[in-house]
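Colleague: Respectively, the protein sequence lines represent chains R and V. Under the numbering used here, the residues of the first sequence are numbered 185 to 557, in order. Under the numbering used here, the residues of the second sequence are numbered 7 to 909, in order.
Worth double-checking, as some hints may not be accurate.
Below are the BS3-like pairs computed for lysine-lysine, each with C-alpha atoms no more than 30 Å apart in a straight line [stated by the list, open to error]:
1. R:Lys262 with R:Lys296
2. R:Lys551 with V:Lys151
3. V:Lys790 with V:Lys111
4. V:Lys710 with V:Lys111
5. V:Lys740 with V:Lys488
6. V:Lys126 with R:Lys551
7. V:Lys151 with V:Lys126
8. V:Lys819 with V:Lys710
9. V:Lys710 with R:Lys262
10. R:Lys262 with V:Lys126
Derived list of chain V stretches under chain R, where covered just means 3 residues or more per stretch with a C-beta under 8 Å from a C-beta of chain R [to be verified]:
11. 778-792
12. 865-879
13. 892-905
Since the hints were made in silico from the structure, they are not lab data. All C-beta atoms in this analysis are idealised placements derived from N, C-alpha and C, irrespective of residue type, glycine included.
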Amino acid sequence: MRLANVANLGVKELRSLSRDPVMLIFIVYAFTVAIYSAAAAIPETLNNASIGIIDEDRSTLSNRIVGAFYPPYFNAPKLITRAEMDAGLDDGSITFAIDIPPNFQRDVLAGKVPDIQLNVDATRVSQAFTGAGNIQTIVTTEVTAFARRYRSETVLPVDLALRMRFNPTANKSWFGAVVEVINQVTLLSIVLAGAALIREREHGTIEHLLVMPVTPAEIMVSKIWSMALVVLVADAASLAFVVQGLLGVPIQGSISLFLLGAAFNLFATTSLGIFLATMARSMPQFALLTILIIMPLEILSGGTTPRESMPVFVQDVMLAAPTTHFVSLAQAILFRGAGLSVVWPQFLALIGIGGALFTVAMLRFRKAIGEMV
Amino acid sequence: MTETPAAGYVVRLNDVTLRYGATLALDTVTLDLPAGQMVGLIGPDGVGKSSLLALIAGARRMQSGRIEVLGGDIGNAQHRRGVCPRIAYMPQGLGKNLYPTLSVKENIDFFASLFGQGRKESEHRIAELVESTGLAPFVDRPAGKLSGGMKQKLGLCCALVHDPDLLILDEPTTGIDPLSRRQFWELIDRIRTGRPGMSVIVATAYMEEAARFDRLIAMNGGRVLAAGTVPDLLARTNQATLEAAFIALLPEAQRRGHRAVEIIPRDGGDAVDAIEAQHLTMRFGDFVAVDDVSFHIHQGEIFGFLGSNGCGKTTTMKMITGLLPPSAGSAELFGQPLDPHDLATRRRVGYMSQGFSLYTELTVRQNLELHARLFQLPAAEIPARVAEVAARFGLTAIMDDLPSALPLGQRQRLQLAVAMIHKPAVLILDEPTSGVDPIARDAFWQTLIELSRRDGVTIFISTHFMNEAERCDRISLMHAGKVLVSDTPRALIDKRGARNLEEAFIGYLEDAVGDPPEAHAAPLAVEMLERPPVRRFEPRRMFTYAHREALELRRDVIRALTAMLGSVILMVIFAYGITLDVENLTYAVLDRDQTAISQNYALNIAGSRYFTERRPIIDYADLDRRMRSGELSLAVEIPPGFGRDMTRGHEVQIGAWIDGSMPMRADTIEGYVQAMHAQWLSGVAHLSSPVNVALRYRYNPNVKSVIAMVPAVIPMLLLLIPAMLTALSVVREKELGSIVNLYVTPTTRLEFLLGKQIPYVVLALFNFVLLTVMSVTWFGVPLKGSFAALLLGAWLYVISATAMGLLMSSFMKSQVAAVFGTAIVTLIPAIEYSGFINPVSSLHGFEAVIGHVYPTSHFLTISRGIFAKGLGLGDLQVPFLALLIAIPVLIGTCGLLLKKQES
């Protein structure tokens, strides 16, 4: 392999890309708007939850309970009847329904510990748990305060000091932004590397390359380094200007260590992009294939939801995906400030997977390139 | 309306101008074409021939001026609808309006039923057409696998199946072999004998065949240069051939500098062979592209390959360049066996592939420099060499332009310059001049002759133009992968006693092929059809489109697989991936008390089904490292003296650190820890509350994520893939060109849209059943309500979903945009605003508006309601009604946005 050829061809890729406005817009979009909106779109778990209250007591205490629910966690409660409760839960217009029984206040004051029924639409999993916990606490606090005729902190002999590490307020937009940066690295590198190959084939330029004294390996490596470089630069700029600058997300660890990890990941994903491009006959087929591949890579590698919640076999299968290790090292570095001493196993895994993908892609590329002319 | 203007004019153009952006395609053209004649449009590529024909056919929208076709204004939609069954239009490009995966019969059948022919009638006509065109033995072969000549005959069958009064053919014979070309024109003649009233308008790039037309129109730069009969034009310009006449007609500015090509005879020196090919054979699967081809090319010779598209010229050339390793046989370059892996031999060869194949994103200079570097010219010499070839090939003035902005002739010169940059001894040129105007073509040949005679470069060139072949020192005639004969052009003509090379070639072809399949020369008798009135909505045409779409889909493996199984694959991913269950949380305890009470506290956590315990934490450094690596989601610290202080009633504090890097998970952990702490306290300290909140988790008592997610994932998947595929199906037709069949047949927009939609609705319903079965059996999500009601809802919903795909296709031009655009535009509202994660009732403002109208919201309510809540049709009237309203709104909008003409 001649490095001069690899360099010249890579520069050619960069020039080609610089004159492809659609791809440029796509790159800019992916690392700005997409990240910004991902940061904004991740909802707070409990946000404007709809609550309905059947007040069969009509007492001071029941009024006090009704008044205890307000935005942003809850929409102002709707006072409903029992029939409306069933209909509302059925059609999804309310998620929580509280039933305050008759004589509730009297029973509380008499120390009878009456029941309050809380109905939860448990098909709204995102709100059901947290919401139910919250409502229980609110009701209990209100009733306790009322019973003691004064509002007071419940003094417990044993205190629980809860601290969130790495993200003290559990700010979800931090998470959304960084996860999106990680996802875009994978998506863009597959699309750019694959498109770089398919573009040559569709424009007939691949023939031209092959009659020149360059080898398939040089062609493939030139595409890999140039497209990986583009993604890496865009990624670094996005972390600096969008994530840290615009969104003000504090990054815990070393950005250069993260970029080094991203480079290892790009080695694997650009190889994957080349591989997919050799499987597809045209751009649309490549696009369909990419969607079917990128979805599991993004969703099952632990970026959006924790890996430990997935079935064990899914976790095992996903160990073969480069993104699993990349997500894990990226989260460790960016969120938790981990250093190389902590994330070296992920680096090793990425080198192994990248090497394997590169070899497979190279073998396939050598075979397929003859069929492309 | 049915009277044929036999005596008058079939087409009258008045002041017609057409622009594509800044380019002027037609410049105030005024022209009358007499009826019942065969009129030819001549001129090179890009002079406006195709635009003119598309306007006449009604396929392209008029911009200014007026065109009367068959006695009415073609700009008028009413007239177009009435008159389109009487016009047949065959666009440029081999089989461009055909469907490559459909068989010959299926293609003709498709057109026949669009024009409202009954089964019996169309079968009768198809039999007659394939018989007379010689396609009868191939009725079941896919159109994409036909040779160029056969494709054009099929195109003609499709055009003639509805018995038109006006036949418009745009370059019907470009790139097909001379025998097929002659057969094609004989066929047209027979048809015209059988139907004398029919008018034919043809565009062609071959001046030789233009001689057979009744009347010619020479075009250049969007203007008509001259119109008249062939003798007329020859007499007017005082020239012997049409090509010379055409050059003479060009404006002075363009003609300047033109010299007729002079062939300097070669002086001997045939001793050395530059290229020697022996028994070259190339097989692609069963197909033999090149069959035992042998030839040799002398050093410094111009050697030509003459043959049709697909006869094996390009494949042979690729084997000589080393691009394709031959299946059998061998080739030698200057006496050395050709080894595709030997990079050194590539430096001796310059190659120019068919069509423009340089980087359009690089400037002329960048292209030259890149190739110079890749051929490893010494860096110091590159600027001088680039300047040298630029001067030689006349590129100096355009060095910083992009190739796409250059005229075809200059681009050809650039390609030649690139092929010459490393001073190769052999040049291999694959159809370098197709589409180039005659003046540029002559200039190109002058350069070639100079390279051969002055520099001694060996040139191996392929062409399908006879007059170019005549300029070669020697030629090989190729047909169907075989070399028929090789010799000098003169010797070939003399050997056959033919008048010219074309006749000689046809002679050799006839010898090779045997009797032409269409032996019976009887005029093609086509009886006048009874034309059914064109109705506004004709279910038959809709089903014709649906049938065709289904056939095409079945034969495209990747699309078919995506349609059948894509959603199943994604379902598995989503059901496992988008889980909101937070379980198996890892935690460890730093117990610095080690008393019975502290151990009791730790045991309380271990008892939870949500937590998994890891080995105890040793110290703060251990805690820090294990949290940073992500090993622990929760660390609990019990302080020293905890048990003692607690029993004494002193205030004690338990520390809990939660990994906040995944905030949703962190929130849940926080909730769990608080609840466990409170529970432990009430167990130990007997604290009581004045009220008991009785929790009832309805519909999903264990609050399992899968129960909630699976019925919500189904609506998302039934949107994503069906919408993407329907969008793709329309945009594909735009990109490949077969959309023209919507423009020029009586098909209405609604028929087209619904027809394309039907197969995808059926497939989506199939997917729905599959997903439902998977949900119940694999994921164990019980279906509590009525399956029939769910199926009804799914049916309404997939109609809306596919209609959204159609809507997307109105805005998309390329298939790639259709895939990614549809994915983004459908997924965001489906996930964010349709109650997938957050209930619609929690949304506000703009988001809430989208949430309330988006079909996914309503089907989500139906799906969850029936799956989890056991509701019936009666409880879900509102969402059903909403879907019923969405369908006509969406399809109506598509209909308004879809154009019935190209703009």
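Colleague: Holds or violated: are the alpha carbons of lysine 710 of chain V and lysine 262 of chain R at most 30 Å from each other?
Modeller: holds, 27 Å
Colleague: Within a Cα-Cα threshold of 30 Å, do lysine 262 of chain R and lysine 126 of chain V meet the stated pairing?
Modeller: violated, 68 Å
Colleague: Verify the coverage statement for the region 865-879 of chain V against chain R, using a C-beta to C-beta distance below 8 Å and requiring 3 or more qualifying residues.
Modeller: holds (count 6)
Colleague: Straight-line Cα separation of lysine 790 of chain V and lysine 111 of chain V no greater than 30 Å?
Modeller: It is violated: about 49 Å lies between the C-alpha atoms, which goes past 30 Å.
Colleague: Verify the proposed pairing of lysine 710 of chain V with lysine 111 of chain V, using a straight-line Cα cut of 30 Å.
Modeller: violated, 55 Å
Colleague: Tell me if the straight-line CA distance from lysine 819 of chain V to lysine 710 of chain V falls inside 30 Å.
Modeller: violated, 43 Å
Colleague: Lysine 740 of chain V and lysine 488 of chain V: Cα distance at most 30 Å?
Modeller: violated, 37 Å
Colleague: Can the restraint linking lysine 262 of chain R and lysine 296 of chain R be considered satisfied, given a maximum Cα separation of 30 Å?
Modeller: holds, 28 Å
Colleague: Is the straight-line distance between the alpha-carbon of lysine 551 of chain R and that of lysine 151 of chain V 30 Å or less?
Modeller: With Cα atoms ~24 Å apart, lysine 551 of chain R and lysine 151 of chain V stay inside 30 Å; holds.
Colleague: Taking 30 Å as the top limit, are the C-alpha atoms of lysine 151 of chain V and lysine 126 of chain V close enough?
Modeller: Cα-Cα ~28 Å, so holds.
Colleague: Would you check chain R against the region 778-792 of chain V, counting CB to CB pairs closer than 8 Å, and say if three or more residues qualify?
Modeller: Check failed, 0 qualifying residues.
Colleague: Apply the coverage criterion to the region 892-905 of chain V and chain R: a residue qualifies when its Cβ sits closer than 8 Å to a Cβ of the chain, and three qualifying residues are needed.
Modeller: n = 0 at 8 Å, threshold three: violated.
In terms of the numbered hints stated before, the structure departs from hints 3, 4, 5, 6, 8, 10, 11 and 13, listed from lowest to highest.
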